[in-house]
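Protein sequence lines correspond, in order, to chains H and A. All residue numbers for the first sequence refer to this note's numbering, where the first residue is 1 and numbers rise by one. All residue numbers for the second sequence refer to this note's numbering, where the first residue is 1 and numbers rise by one.
Quick caveat, the hints were computed from the structure, so don't treat them as lab data. Since we're looking at a predicted model, the values are computed, not measured. Virtual Cβ for every residue (Gly too), placed ideally from N, Cα, C. Errors might be hidden in some of the hints.
[Stated by the list, open to error] Derived CB-CB ranges, DEER-like:
(1) E51(A) / A281(H): 47 to 55 Å
(2) Q30(A) / A280(H): 49 to 57 Å
(3) E307(H) / A45(A): 49 to 57 Å
(4) D259(H) / E63(A): 24 to 32 Å
(5) D8(A) / V222(H): 32 to 40 Å
(6) D8(A) / H256(H): 49 to 57 Å
(7) A320(H) / G115(A): 48 to 56 Å
(8) K47(A) / A146(H): 37 to 45 Å
(9) E307(H) / D103(A): 49 to 57 Å
(10) G255(H) / G49(A): 27 to 35 Å
(11) E369(H) / E51(A): 48 to 56 Å
[As the list claims (entries may be wrong)] One-sided and incomplete, this derived list gives chain H residues near chain A with beta-carbon spacing under 10 Å:
(12) A241
(13) P310
(14) G332
(15) G338
[Said to hold, decoys possible] Covered stretches of chain H (chain A as the covering partner; in silico rule of three or more C-beta atoms under 8 Å from a C-beta of chain A):
(16) 29 to 40
(17) 88 to 98
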Amino acid sequence: MAEVPTEDLKHTPLYERHVTAGGRIVPFGGYALPVQYPTGIMTEHKWTRDNAGLFDVSHMGPGFLTLNTPSGDAETDHAAIAAIIEPLICGDIAGLKPGQIRYTLLLNESGGALDDLMVARSKTPGTLFIVVNAGTKEGDFARIAAAAGNKATLKRADDNALLALQGPEAVNVMAALVPPAADLGFMQFGEFDWNGTPVTISRSGYTGEDGFEILAPAHMSVALWDELLTDPRVRPIGLGARDSLRLEAGLPLYGHDLDETVSPIEADLGFAVSKRRREAADFPGAQRILAERDGKLSRKRVGLLVEGAPAREGAEILDALGTAIGVVTSGGFAPSLGKAIALGFVSPEHTAIGTKLQVSVRGRSQPAEVVPTPFVPHRYFRKSV
Amino acid sequence: MTTKFTPDHEYIRVEGSTGIVGITPYAQEQLGDIVFVELPAVGKALKKGDEAAVVESVKAASEIYAPVTGTIVEVNSLLTNEPGLVNSDPEAAGWMFKIAISDASELDTLLDADGYAELTL
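Only chain A is shown next, with the shape it has when bound in the complex (with noise of 0.2 Å):
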C-alpha cells in the first residue's frame, strides 16, 4: 500500500487498482473549520488534475481534483452529515471518494512522502 500526494494537498492511498482520495493534515489545516463538502457522483469519470469535490470553509470554497484518471467507485457520505470529519481525521475518516484508477502510471508523476513533505515546510 502506498500514498502519494499533489502540490494541491491530495492524498491518494492506492489499494490494488482503487485510491482513496482526500486531503493532508497540512490541507485541512490551511482551509480551518470546513463546513459543507460537495462529493463527485458516483460512477463519473474524471481525468487527472479534474475538479473532483469542493470543500467549503467559513470563508471560501476550495476544489479538490482528482490526482489521477479514473472512475469515482465510492464516495464518504459521512461527510454530508459531518463535514468536521475532514480537519479531525483527514487521511482516515476523512476521506472523500474512491477511484478506480485507469493508469497506474499516473501515480508516478505523483510526489512521495518526503517529496510532499518537502513541499509543506
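The following block holds chain H by itself, in its conformation from the complex (with noise of 0.2 Å):
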C-alpha cells in the first residue's frame, strides 16, 4: 500500500474530475488515472453491466491517417490509404465500407504483436481512424507515420479526450446526448455534433457490453464528461473495473497477454488475421502465423475457470499430473460470476474444453478448468448493413 510517486505522470484533461470524484489516482500508461472511485470496483463492474459506465481512456493512442494527395476517388483513395497501413497489420483494412471499423493487430516480423488496435474506415475519402494502446503508442506511431512516408500525414490526436460509455444503458444515453450516434451498429464510426462542437463516435469498447467511446477536443471534454454525469444511469468507473470487465469478456491486454512474441494464433485471435490477407499471405511474419493456423502451435490463449483464491499473471498452469504446460497472463476475481478467472498460455494438447488443469498460488496447486470465453458473453449491437 505504498504511496506511488504521481508527479512525473502525465494527465489527461479529466484529471481534476477524477481527484474531485475521490478517485483513487494510479500510474498507467504513462498517466495518473484513477483506479477506483469512492464506490469499489465491485460496484463499479456491476453498474456498468446493468446501467452504464462512464471512463476515461485519453491515455490511449487515437489518430487520422490521411491521404497527401487524394485523387477525389473514394473508392481510389481508400485503397491508397489502405496499402499504406495492411503492410504492418494483418486486417483487411481496403475491403472495408466506410464508417466501418475493425480489430486488427501491429505485427512484427515473425509473426508477434506489438499491438492490437482499432483501424477504421473514415467517411472522408482517403481517411483512416486508428486508436492504438497507451503503453505502445510511440513506437506504434513512429511505425505507421514510416509506413506514409510522403504519401500520407499521421495526426495524432491523444492530445484530445477519449471517454468510453459503456453498459446496457449507454445507447439511452446517447440517444439523448447525440441522438444520430444511437443508431450507429457495432463496430461503426461516424463524426457528429454536440453542442456545436465536433465529436468523433464509435460503438466500440472493451468490456463486452455495447457501448460507445468518444473522441471530444480537450478543451470541451470536462463539459461532456459532467453532461453525461448528469444522466442517472451514468456513474464514472475506473481502472480496476474495465480490467475486470474486460478480462471477463476474454479480451486480450496488451503487454499482459499479448506480447511481441505472441502471435494472432497463439493469442486465439485468429478471427483477426482476414482471409484476403491469409490467402495473400502479405502481412509480416505470415509464413509462421500461416503454419500456426494449420496446427504447428507451442501454445495456444485459453479462459480458465479457477476454483478458490484467484490466479494472477505469472501463476503457473500445470496439467492434472501437477506437469508445468503453461503460464497465467491476466487473472483475477469475475464480480459478475462470484469466481476467479484467468486467461493464460498453454501447449495445444490442454486446450479442448472442459480439460481439468491445476494452478499454483503461492505454492499450492488449485483446481483449475479450460472453459470457453468470453466467460461473460457479449451484448454487442450489431446491425445488417
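From these two lone chains plus the hints, build me the complex, please.
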C-alpha cells in the first residue's frame, strides 16, 4: 500500500474531475488515472453490466492517417490509404465500408504482436481513424508515420479526450446526448455534432457490453464528462473495473496476454487475420502465422475457471498430474460470476474445453478448468448494414 | 483488553494470552472489495512478521503478517464464504485468526492506537 510518486505522470484533460470525485489515482501507461472511485471496483463493475459506466480512456492513442494528395475518387483513395497501413497489420482494411471499424494487430517480422488496435475507414475519402494502446503508442505512431512516408500524414489525436460509455443503458444515454450516434451498429463510427462541438463517436469498447467511445476536443471534455454524469444511469468507472470487465469479456490486454513474442493464432485471435490477407500471405510473419493456423502451434491462449484464490499474472498452469504446461497472463476475480477466472497460455494438447488443469497459487495447486471465452457473454449491438 | 497495531495495518486485540488479529478499517478501505481470504491452518506456529494470511481484492493479493510470535488457535471460517466481512466489519465480524501469544513482551514493540492513527494521517 505504498504511495506511488505521481508527479512525473501525464494528466488527461479530466484529471481534476477524477480527483474531485474521490478517485484513487494510480500510474497507468505513463498517465495518472483513477483505479477506482469511492464506491469500489465491485460496485463499479456491476454498475457497468447493469446500467452505463463512463471511463476516461484519454491515455490511449487515437489518430487519423490521411492521404496527402487524394484523387477525389473515394474508392481509389481508400485503396491507396489501405495500401499504406496493410503491410504493418494482418487485417483487411481495403475491404472496409465507410464508417466501419476493424480490430487488428500490428505485427513484427516474426509474426509477434507489437500492439492490438482499431483501424477504421472514415467517410472522408482517403482517411483512416486509428486507435492504439497507451503503452505502445509512441512506437506504433512512429511505425505508421514511417510507412506513410510522403504519401500520407498521421495526425495524432491523443491530445484530445477519449471517453468510453459502456453498458446496456449506454444507447439510451447516447440517444439523448447525440441522437444520430445511437443509430450506429457495433464497430461503426462517424463524425457528429454535440452542442456545436465536433466529436468522433464509435460504437465499440472493451468491456463486452454495448457502448460507445467518444473522441472530443480537450477543452470541451470536462463539459461532456459532466453532462454525461447528469444522467442518473451513468457513473464514472475506474481502471480496476475496466480490467475486470475486459477479463470477463475474454479480451486480451496488451503487455499481458499479448506481447512481441505472441502471434495472433497463439492468442486465439485468428479471426483478426482477415481472409483476403491470409490467402495473399502478405502480412508480417505470414509464414509462421499460416503454419500455426495449420496446427503447428506450441502454445495457445485459453480461458480458465479457477477454484479458490484468484490466479494472477505469472501463476504457473499445471496439468492434472502436476506437470507445468503454461502460465497465467491475466487473472483475477470475476465480479459478475463470483469466481476467479484467468487467461493463460498452455501447450495445445491441453486446450480442449473441459480439460481439468491446475494453477499454482503461492506454492499450492488449485483446480482449474478450460472454459470457453468470453466468460460473460458479449452483448454487442450488431446491425446488418 | 488492549489493541495494538503494526505498521502493516494489522491489529491484534489482546484477550489474556490470546490475540485476535485482523486488518484495520484504514487497510480494508485501501484494499477495496475483498473477494477471497486465505487463512492459516490451526496449530501452525508463526514467528512475528511471518506471512499468516492472504487477502485478495479484485485487483491484487496482499499478505497479512503475524503481529507476534505464537500458534494459531482458531480462524474465522465465516470469511471463506463471506470475505466481504473484512470490508464491512473489519474490527469485529471480520477478524481473521486467533494466535496464542508466545512472548507478551513483543506486544510492546507494536504501535498503540495513537501511534497507529498518526501513521495513517
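Verification of the supplied hints:
1. E51(A) / A281(H): 47 to 55 Å: 53 Å, holds
2. Q30(A) / A280(H): 49 to 57 Å: For A280(H) against Q30(A), whose Cβ atoms are near 53 Å apart, the range 49 to 57 Å holds.
3. E307(H) / A45(A): 49 to 57 Å: 28 Å, violated
4. D259(H) / E63(A): 24 to 32 Å: 28 Å, holds
5. D8(A) / V222(H): 32 to 40 Å: At 39 Å between Cβs, range holds.
6. D8(A) / H256(H): 49 to 57 Å: Hint violated: Cβ distance 28 Å, outside 49 to 57 Å.
7. A320(H) / G115(A): 48 to 56 Å: At roughly 51 Å between Cβ atoms, G115(A) and A320(H) fall inside 48 to 56 Å, so the hint holds.
8. K47(A) / A146(H): 37 to 45 Å: 58 Å, violated
9. E307(H) / D103(A): 49 to 57 Å: 38 Å, violated
10. G255(H) / G49(A): 27 to 35 Å: 34 Å, holds
11. E369(H) / E51(A): 48 to 56 Å: 28 Å, violated
12. A241: 8 Å, holds
13. P310: 5 Å, holds
14. G332: 6 Å, holds
15. G338: 8 Å, holds
16. 29 to 40: Contact hint for the stretch 29 to 40 of chain H vs chain A: holds, 3 residues under 8 Å.
17. 88 to 98: That given contact is violated, which follows from only 0 residues of the stretch 88 to 98 of chain H lying within Cβ reach (below 8 Å) of chain A.
Checked against the numbered hints above, the structure violates hints 3, 6, 8, 9, 11 and 17; every other hint is satisfied.
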